[in-house]
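Asker: From first to last, the protein sequence lines are chains E and D.
Read in this note's numbering, the first sequence has 211 at position 211, and its numbers run on one by one without any break.
Read in this note's numbering, the second sequence has 237 at position 237, and its numbers run on one by one without any break.
Some clues are possibly wrong.
The list cannot tell twin chains apart, which means a pair is met if one copy fits it or any two copies do.
Calculated cross-link-like contacts (lysine to any residue; reagent style SDA-like; alpha-carbon spacing at most 25 Å) [what the hints assert, rightly or not]:
id, residue 1, residue 2
1, LYS30, LEU276
2, LYS75, ILE43
3, LYS30, SER337
4, LYS30, HIS149
5, LYS30, THR331
6, LYS30, GLU148
7, LYS303, GLY168
8, LYS75, LEU202
9, LYS75, GLU148
10, LYS75, HIS149
11, LYS75, GLY150
12, LYS75, GLN20
13, LYS30, ARG117
14, LYS30, GLU126
15, LYS30, PHE259
16, LYS75, SER114
17, LYS30, ILE120
18, LYS75, LEU197
19, LYS30, GLY154
20, LYS75, GLY206
21, LYS30, GLU113
22, LYS30, THR118
23, LYS75, LEU39
24, LYS75, GLU113
25, LYS75, GLY154
26, LYS75, MET23
27, LYS30, GLY277
Note that these hints are calculated values from the structure, not bench results.
Protein chains: 2
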Amino acid sequence: MSAKTTLGIVAPKIRFREPQIEMAHGAGGKASRRLVEGLFAPILFGDSSSPLGDSAHLEINGARMAVTTDSFVVKPLQFPGGSIGELAINGTVNDLAVSGAVPQAIVVTLILESGLRTEILQAEIEAMARAAQAARVRIAGGDTKVVEHGKADGMYITTTGLGAPLAGIEIDPRSVRAGDKVLLSGPIGDHGITILLARGELDMEGDLRSDTRAVYPLVNAVLQAAGPGVRWMRDPTRGGVATSLNELARDCGLGVILFEDSVPVHDAVRGACELLGLDPLHIANEGQFLAVVAPELADAALKALQEAPGGEEARLIGEIREQPAGSVLVTTLYGGSRIVDMLVGDPLPRIC
Amino acid sequence: MSAKTTLGIVAPKIRFREPQIEMAHGAGGKASRRLVEGLFAPILFGDSSSPLGDSAHLEINGARMAVTTDSFVVKPLQFPGGSIGELAINGTVNDLAVSGAVPQAIVVTLILESGLRTEILQAEIEAMARAAQAARVRIAGGDTKVVEHGKADGMYITTTGLGAPLAGIEIDPRSVRAGDKVLLSGPIGDHGITILLARGELDMEGDLRSDTRAVYPLVNAVLQAAGPGVRWMRDPTRGGVATSLNELARDCGLGVILFEDSVPVHDAVRGACELLGLDPLHIANEGQFLAVVAPELADAALKALQEAPGGEEARLIGEIREQPAGSVLVTTLYGGSRIVDMLVGDPLPRIC
Numbered sequence: 001m002s003a004k005t006t007l008g009i010v011a012p013k014i015r016f017r018e019p020q021i022e023m024a025h026g027a028g029g030k031a032s033r034r035l036v037e038g039l040f041a042p043i044l045f046g047d048s049s050s051p052l053g054d055s056a057h058l059e060i061n062g063a064r065m066a067v068t069t070d071s072f073v074v075k076p077l078q079f080p081g082g083s084i085g086e087l088a089i090n091g092t093v094n095d096l097a098v099s100g101a102v103p104q105a106i107v108v109t110l111i112l113e114s115g116l117r118t119e120i121l122q123a124e125i126e127a128m129a130r131a132a133q134a135a136r137v138r139i140a141g142g143d144t145k146v147v148e149h150g151k152a153d154g155m156y157i158t159t160t161g162l163g164a165p166l167a168g169i170e171i172d173p174r175s176v177r178a179g180d181k182v183l184l185s186g187p188i189g190d191h192g193i194t195i196l197l198a199r200g201e202l203d204m205e206g207d208l209r210s211d212t213r214a215v216y217p218l219v220n221a222v223l224q225a226a227g228p229g230v231r232w233m234r235d236p237t238r239g240g241v242a243t244s245l246n247e248l249a250r251d252c253g254l255g256v257i258l259f260e261d262s263v264p265v266h267d268a269v270r271g272a273c274e275l276l277g278l279d280p281l282h283i284a285n286e287g288q289f290l291a292v293v294a295p296e297l298a299d300a301a302l303k304a305l306q307e308a309p310g311g312e313e314a315r316l317i318g319e320i321r322e323q324p325a326g327s328v329l330v331t332t333l334y335g336g337s338r339i340v341d342m343l344v345g346d347p348l349p350r351i352c
Numbered sequence: 001m002s003a004k005t006t007l008g009i010v011a012p013k014i015r016f017r018e019p020q021i022e023m024a025h026g027a028g029g030k031a032s033r034r035l036v037e038g039l040f041a042p043i044l045f046g047d048s049s050s051p052l053g054d055s056a057h058l059e060i061n062g063a064r065m066a067v068t069t070d071s072f073v074v075k076p077l078q079f080p081g082g083s084i085g086e087l088a089i090n091g092t093v094n095d096l097a098v099s100g101a102v103p104q105a106i107v108v109t110l111i112l113e114s115g116l117r118t119e120i121l122q123a124e125i126e127a128m129a130r131a132a133q134a135a136r137v138r139i140a141g142g143d144t145k146v147v148e149h150g151k152a153d154g155m156y157i158t159t160t161g162l163g164a165p166l167a168g169i170e171i172d173p174r175s176v177r178a179g180d181k182v183l184l185s186g187p188i189g190d191h192g193i194t195i196l197l198a199r200g201e202l203d204m205e206g207d208l209r210s211d212t213r214a215v216y217p218l219v220n221a222v223l224q225a226a227g228p229g230v231r232w233m234r235d236p237t238r239g240g241v242a243t244s245l246n247e248l249a250r251d252c253g254l255g256v257i258l259f260e261d262s263v264p265v266h267d268a269v270r271g272a273c274e275l276l277g278l279d280p281l282h283i284a285n286e287g288q289f290l291a292v293v294a295p296e297l298a299d300a301a302l303k304a305l306q307e308a309p310g311g312e313e314a315r316l317i318g319e320i321r322e323q324p325a326g327s328v329l330v331t332t333l334y335g336g337s338r339i340v341d342m343l344v345g346d347p348l349p350r351i352c
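Modelling step: build the complete structure from the supplied sequences, incorporating the hints.
Answerer: Below, the structure is given as structure tokens:
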């Protein structure tokens, strides 16, 4: 998940001064970043100035490995195109994949609500098993807690993934250079808008499905084509593409130029966003990723991505420039441009 | 945590037929085992017949490593002797330690309730940092989600621990033999009864503190003294000593004889249990462990344990015999004896 542990190397130190936790602190945008950088990081990580990505890479028993962890609290538990169990596997294997690691094993904890129907639980256990099999990861163990009725919306799932880092691949925002190209694996916003519609709180219907899937095969296509030319990757989940690219801009100290007309967006997502006053660039995705690739290898990487199953709608959506340093500038075919910030507030709570 | 993923090799296959989840399914006793063995294991692990312990040991990138995961939902968040943050670190490093691995790194997720006061959150982040430092593990990353007010009792914490398995140490119930001795690191029931009293629902007071601590130094003392003579270890958390030993009896197919008068129990725990009709053997511990050691090395292991700081109250509390196969028989000095089962029901919900 983007934002979660990313420690900035550009921005000045901040302190968390808010008196209490609000929904926005879990939205993956600016408030989440304030909480992580202003409260968690100073206590847990000291003065570390390394940007941490989607996964931590560390050494255990003499071997390098990647680890990532996420809790899933999506509401409702089931939605068109997926469910919490599938999301909990895919979200974690994707965090490993975009860190340049081959997903290998997952451990799972369940916090269940007393009174949860067994068939609902069983459906999610089966969804996890199917997703793990599709992603070729082994579920290696787990734990279950039960809380009183009303205390967990059915269930919360936490998954931790372990992976083997690919040799020669170094995913690090500090290796990004002006001139690098930004690739996107497919259309954005499907997951966030699907969840919003599935809640039935809006008088809106749409033929949309969550894009949840394991992206490792697509990531692998890019890595095979561009290898060490792949500087950085991320799955733009909470906070969307705009938040992930803002984090990149901050962490590399360069500007990200985004060609808005090149960003694929389904009509149903665009329509819902217009009605709600949201920007598709801020809407969460669960089956897409961004890749920054050295310019001489970008065409080959894009071609490999588009030729891989499920990558047909991949596009080159932007490039890295010296300016505006630390920011994301969105440009349109007609010459318009605007700075787009990280997600502020939480217009779509609990989408993963 | 005991019970969580232990797949029996003795018991016949069971199916989970209960229509909904109850608090007892999270209590670590019989109901938890039915849920894991009857529903989770067949779907997630297939027909595996290997008993899984507190941690899974697997190979990533050519190196063996240990991984374990647990969610913590203890209520209240703070209690005499500890708090949820400290528990979340200690519980996980202890699961690694009793599997014969040196704890090395932890990742953490927080599910926070909207409206949670920042000072309460900060206190738990600090408690985690202190506990991690004391246990010499690095907190390598994390994730935060926020749910609506009323949905998470302040916070739930999930920790996943990674460790390096010690060479030459094989913790496996199948290696236990008749004649082996059972050691216990210290007095039982302090944690469970402390939580119960801290809730203030009972008209009882007691000068008790949770025993939460990292047991690795004590485990290491045993391993240094008895090495490969250490057959099996476990931290008797949910379900207590009786549940852990019943799992051992089932998994090794032998009988566990427990010398009741040798089991250290503080007076306050004994008194509360008598009033409540509970058996101290079923009460949760968070800073103790059981070890089964080959008979010729048991004295040396016990001596090493008692000489290590915090191990002074360790005792030899039982032995393994051929009969009663698959069960735990409690004997007293006066010649009485009784079979003690796993925990049934959930007399002490949400103690970790």
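Asker: Now tell me if each hint is right for this structure.
Answerer: Cross-check of the supplied hints:
Only within a single protomer do LYS30 and LEU276 lie at most 25 Å apart by alpha-carbon distance; the minimum there is 20 Å, versus 50 Å between protomers. Within a single copy, LYS75 and ILE43 get their C-alpha atoms only as close as 31 Å, which misses the 25 Å cut-off; across copies the closest is 24 Å, which meets it. When the C-alpha separation of LYS30 and SER337 is checked against a cutoff of 25 Å, the pair qualifies only within one copy, where the shortest distance is 22 Å, while the shortest distance between copies is 63 Å. Taking identical chains as interchangeable, the C-alpha atoms of LYS30 and HIS149 lie at most 25 Å apart only when they sit on different chains, with a minimum of 21 Å there against 32 Å within one chain.
Taking identical chains as interchangeable, the C-alpha atoms of LYS30 and THR331 lie at most 25 Å apart only when both belong to the same chain, with a minimum of 22 Å there against 61 Å between chains. Taking the shortest alpha-carbon separations for LYS30 and GLU148, only the inter-copy value of 19 Å comes in at or below 25 Å, while the best intra-copy value is 32 Å. Proximity of LYS303 and GLY168 under a CA criterion of 25 Å is satisfied intra-copy only: 22 Å inside one chain copy versus 50 Å between copies. Proximity of LYS75 and LEU202 under a CA criterion of 25 Å is satisfied intra-copy only: 15 Å inside one chain copy versus 36 Å between copies.
Taking the shortest alpha-carbon separations for LYS75 and GLU148, both the intra-copy value of 18 Å and the inter-copy value of 11 Å come in at or below 25 Å. For the identical chains of this complex, LYS75 and HIS149 are neighbours both inside a copy (16 Å) and across copies (15 Å), given an alpha-carbon limit of 25 Å. Taking CA atoms no more than 25 Å apart as the test, LYS75 paired with GLY150 passes in both settings, with 14 Å inside one copy and 15 Å between copies. In this assembly of identical chains, LYS75 and GLN20 lie within 25 Å of each other by CA distance both inside one copy and across copies; the values are 23 Å within and 20 Å between.
For the homomeric pair LYS30 and ARG117, the shortest alpha-carbon distance between copies (19 Å) is at most 25 Å, but the shortest distance inside one copy (37 Å) is not. Within a single copy, LYS30 and GLU126 get their C-alpha atoms only as close as 35 Å, which misses the 25 Å cut-off; across copies the closest is 23 Å, which meets it. Proximity of LYS30 to PHE259 under the C-alpha cut-off of 25 Å is restricted to the intra-copy arrangement: shortest distance 23 Å within a copy versus 59 Å between copies. In this homomeric assembly, LYS75 and SER114 come within 25 Å of each other (Cα to Cα) both inside a single copy, at 17 Å, and across copies, at 16 Å.
Taking the shortest alpha-carbon separations for LYS30 and ILE120, only the inter-copy value of 22 Å comes in at or below 25 Å, while the best intra-copy value is 34 Å. Within a single copy, LYS75 and LEU197 get their C-alpha atoms as close as 11 Å, which meets the 25 Å cut-off; across copies the closest is 35 Å, which misses it. Taking the closest pair of Cα atoms, LYS30 and GLY154 come within 25 Å of each other only across two copies (22 Å); inside a single copy the shortest separation is 29 Å, beyond that limit. For the identical chains of this complex, LYS75 and GLY206 are intra-copy neighbours only, at 18 Å inside a copy versus 42 Å across copies, given an alpha-carbon limit of 25 Å.
For the identical chains of this complex, LYS30 and GLU113 are inter-copy neighbours only, at 18 Å across copies versus 31 Å inside a copy, given an alpha-carbon limit of 25 Å. In this homomeric assembly, LYS30 and THR118 come within 25 Å of each other (Cα to Cα) only across copies, at 17 Å, whereas the closest approach inside a single copy is 38 Å. Proximity of LYS75 to LEU39 under the C-alpha cut-off of 25 Å is restricted to the inter-copy arrangement: shortest distance 23 Å between copies versus 27 Å within a copy. Taking the shortest Cα distances, LYS75 and GLU113 sit within 25 Å of each other both inside one copy (14 Å) and across copies (15 Å).
When the C-alpha separation of LYS75 and GLY154 is checked against a cutoff of 25 Å, the pair qualifies both within a copy, at 9 Å, and between copies, at 19 Å. Both within a single protomer and between protomers do LYS75 and MET23 lie at most 25 Å apart by alpha-carbon distance, with minima of 14 Å and 22 Å respectively. With identical chains, the CA atoms of LYS30 and GLY277 are at most 25 Å apart within one copy only, with a shortest distance of 19 Å there and 52 Å across copies.
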